[in-house]
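As a plain string of letters, each chain reads:
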Amino acid sequence: MIEVLGIIVFTISGAFSAMQKRFDAFGVLIIGFVTALGGGTIRDVLIGYTPVSWMRGGHIPLIIFVTGIGTIFFKQYIKNLKVTFVIFDALGLGLFTIIGIQKGIAAGLSPEICVILGTITGSFGGVLRDILLNNIPQIFRKEIYATACIVGGIVYFLLTGTFNNEITRLVTISIICGIRLIAVRYNLSMPKFYA
Amino acid sequence: MIEVLGIIVFTISGAFSAMQKRFDAFGVLIIGFVTALGGGTIRDVLIGYTPVSWMRGGHIPLIIFVTGIGTIFFKQYIKNLKVTFVIFDALGLGLFTIIGIQKGIAAGLSPEICVILGTITGSFGGVLRDILLNNIPQIFRKEIYATACIVGGIVYFLLTGTFNNEITRLVTISIICGIRLIAVRYNLSMPKFYA
Amino acid sequence: MIEVLGIIVFTISGAFSAMQKRFDAFGVLIIGFVTALGGGTIRDVLIGYTPVSWMRGGHIPLIIFVTGIGTIFFKQYIKNLKVTFVIFDALGLGLFTIIGIQKGIAAGLSPEICVILGTITGSFGGVLRDILLNNIPQIFRKEIYATACIVGGIVYFLLTGTFNNEITRLVTISIICGIRLIAVRYNLSMPKFYA
Chain A
13 MIEVLGIIVF
23 TISGAFSAMQ
33 KRFDAFGVLI
43 IGFVTALGGG
53 TIRDVLIGYT
63 PVSWMRGGHI
73 PLIIFVTGIG
83 TIFFKQYIKN
93 LKVTFVIFDA
103 LGLGLFTIIG
113 IQKGIAAGLS
123 PEICVILGTI
133 TGSFGGVLRD
143 ILLNNIPQIF
153 RKEIYATACI
163 VGGIVYFLLT
173 GTFNNEITRL
183 VTISIICGIR
193 LIAVRYNLSM
203 PKFYA
Chain F
13 MIEVLGIIVF
23 TISGAFSAMQ
33 KRFDAFGVLI
43 IGFVTALGGG
53 TIRDVLIGYT
63 PVSWMRGGHI
73 PLIIFVTGIG
83 TIFFKQYIKN
93 LKVTFVIFDA
103 LGLGLFTIIG
113 IQKGIAAGLS
123 PEICVILGTI
133 TGSFGGVLRD
143 ILLNNIPQIF
153 RKEIYATACI
163 VGGIVYFLLT
173 GTFNNEITRL
183 VTISIICGIR
193 LIAVRYNLSM
203 PKFYA
Chain Y
13 MIEVLGIIVF
23 TISGAFSAMQ
33 KRFDAFGVLI
43 IGFVTALGGG
53 TIRDVLIGYT
63 PVSWMRGGHI
73 PLIIFVTGIG
83 TIFFKQYIKN
93 LKVTFVIFDA
103 LGLGLFTIIG
113 IQKGIAAGLS
123 PEICVILGTI
133 TGSFGGVLRD
143 ILLNNIPQIF
153 RKEIYATACI
163 VGGIVYFLLT
173 GTFNNEITRL
183 VTISIICGIR
193 LIAVRYNLSM
203 PKFYA
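Protein sequence lines correspond, in order, to chains A, F and Y.
For the first sequence, our numbering assigns the number 13 to the initial residue and increments by one for each residue that follows.
For the second sequence, our numbering assigns the number 13 to the initial residue and increments by one for each residue that follows.
For the third sequence, our numbering assigns the number 13 to the initial residue and increments by one for each residue that follows.
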């Protein structure tokens, strides 16, 4: 259920970015699609879990299609929901990260790699979105984003084994959401360097 | 045979774009390669059909190599074939879309996903080309392109079962080609939105 | 061992490029990661060798992490090692190319395809780096780079069978390194064309 929420929020985020670049209706839908599913797709391809997840059932593309069309029609209304949107985006980030970690564990990969897979799942949809929009990926220069996934992933492996699965997941999502919301609220970013 | 024509036309299209950005000979060949095979490669990777199609026989890279070199030497002559070129490009689009749909069916995927795979096969070589050229992908902003694939894909599934395979393919290709040629002729594009 | 050197050098090269675009610490590490592992990852995905190589043991991400952090702290010092750096980069290019060729052979692919896989392994990490930095990929316009991989790959297949494996590898690496170093020294590039 929250997974669907995550997909919807990421679709809306992608669709808005595409409309800002004056893409056509098809472009808006595609960018929404890529933003929502890109991270998980890269993860599945790297693991070798093919056909990739969203191909196995037909309903996810439909959800994205409806969400994308809805975003086009109700864009003015959605714009006013900015705070709600940021919260759902942080929730989606946390959940996508955990899904990525658990897929890595299921594939028998090491904790280090699982954290990387969680981070890819949570944040690389946005990277693909920015590449298609011909922007430098935001996560490399703006507010803390992927760092929240990494910290959350490390916490996940510190807790798991000691606590049960529900508590581990809940704490991990809370930490990712928390870091992300604090970063947006106080406009925090990672230190930058210039060579 | 038409598949080879499609590959040749897409290679020429990619090679021209690369020459316009003053790429070197290697760059021209690579962009030709990516434009011709990128869509099918993404499709194969998403399905899990690996090694990907063009790796299974050595002749496709050779065709692209020869076509790319030929484009460099005869660029002035090819430029004058603009109308021929647009027609072959539309043919290639139609055929690539059908190949993608049929690969999806062979992998046991749902019609919805097969239409997406057809569209990816037909149009994502051009997306990769534009990313490598550091352009915003044309299909998101200019004439109708991927939309033709989607409409064709839907028609394919409406006809299949009722009509035999040859008729289904013929009608689908005709519709994709037709939409594409009309879009180019009358400079039609999808509606654009601005957020 | 030289493989690790190759990874370190490519990581440093990516990290520097990212710092020049004022990326944050996370961005610097990711670009280092992608530059070092991107080519091999694309190769593995195209072949269907999944989970991809660097996921099978945890130590490669760690090497990249440490190298990336080290690059940030010692950037002034590394800058002065320019000549050393170019030599290691050429060595890494040669070795990565051979690894790619041998993976292709192990997968039963034709020599033509193996040369392509060697070239992808050696040079597509840099292509991904440039895409993420929103630059036109350097290998399409600047000094000879991928061409060295292609020539080396062809030499590899000319020698193999006649000479033993060690000699074949040594000559191939020498040729790739040699072409690359001469190209950098004399600022050689492939002919360019303009359509």
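Keep in mind that the hints are not guaranteed to be accurate.
No distinction is drawn between identical chains; accordingly, a pair holds when it is met within one copy or between any pair of copies.
Keeping only pairs whose Cα atoms sit at most 25 Å apart, straight-line, the calculated BS3-like set for lysine-lysine is [stated by the list, open to error]: (1) Lys115 <-> Lys87; (2) Lys33 <-> Lys91; (3) Lys154 <-> Lys33; (4) Lys115 <-> Lys154; (5) Lys91 <-> Lys204; (6) Lys115 <-> Lys91; (7) Lys33 <-> Lys115; (8) Lys33 <-> Lys204; (9) Lys204 <-> Lys94; (10) Lys33 <-> Lys94; (11) Lys115 <-> Lys94; (12) Lys94 <-> Lys154; (13) Lys204 <-> Lys87; (14) Lys115 <-> Lys204; (15) Lys154 <-> Lys204; (16) Lys33 <-> Lys87.
Worth flagging that the hints you see were computed from the coordinates, not collected in a lab.
Quantities reported herein were computed from a predicted structural model and do not represent experimental measurements.
A quick look at each hint next to the structure:
no.: 1; hint: Lys115 <-> Lys87; in the structure: neither (34 Å within a copy, 37 Å between copies)
no.: 2; hint: Lys33 <-> Lys91; in the structure: within (16 Å within a copy, 31 Å between copies)
no.: 3; hint: Lys154 <-> Lys33; in the structure: both (19 Å within a copy, 13 Å between copies)
no.: 4; hint: Lys115 <-> Lys154; in the structure: neither (28 Å within a copy, 39 Å between copies)
no.: 5; hint: Lys91 <-> Lys204; in the structure: between (30 Å within a copy, 18 Å between copies)
no.: 6; hint: Lys115 <-> Lys91; in the structure: neither (34 Å within a copy, 40 Å between copies)
no.: 7; hint: Lys33 <-> Lys115; in the structure: neither (34 Å within a copy, 33 Å between copies)
no.: 8; hint: Lys33 <-> Lys204; in the structure: between (27 Å within a copy, 10 Å between copies)
no.: 9; hint: Lys204 <-> Lys94; in the structure: between (27 Å within a copy, 23 Å between copies)
no.: 10; hint: Lys33 <-> Lys94; in the structure: within (19 Å within a copy, 29 Å between copies)
no.: 11; hint: Lys115 <-> Lys94; in the structure: neither (31 Å within a copy, 42 Å between copies)
no.: 12; hint: Lys94 <-> Lys154; in the structure: within (18 Å within a copy, 31 Å between copies)
no.: 13; hint: Lys204 <-> Lys87; in the structure: between (34 Å within a copy, 13 Å between copies)
no.: 14; hint: Lys115 <-> Lys204; in the structure: neither (32 Å within a copy, 38 Å between copies)
no.: 15; hint: Lys154 <-> Lys204; in the structure: within (10 Å within a copy, 28 Å between copies)
no.: 16; hint: Lys33 <-> Lys87; in the structure: within (14 Å within a copy, 33 Å between copies)
When held up to the earlier numbered hints, the structure conflicts with 1, 4, 6, 7, 11, 14 and fits the remainder.
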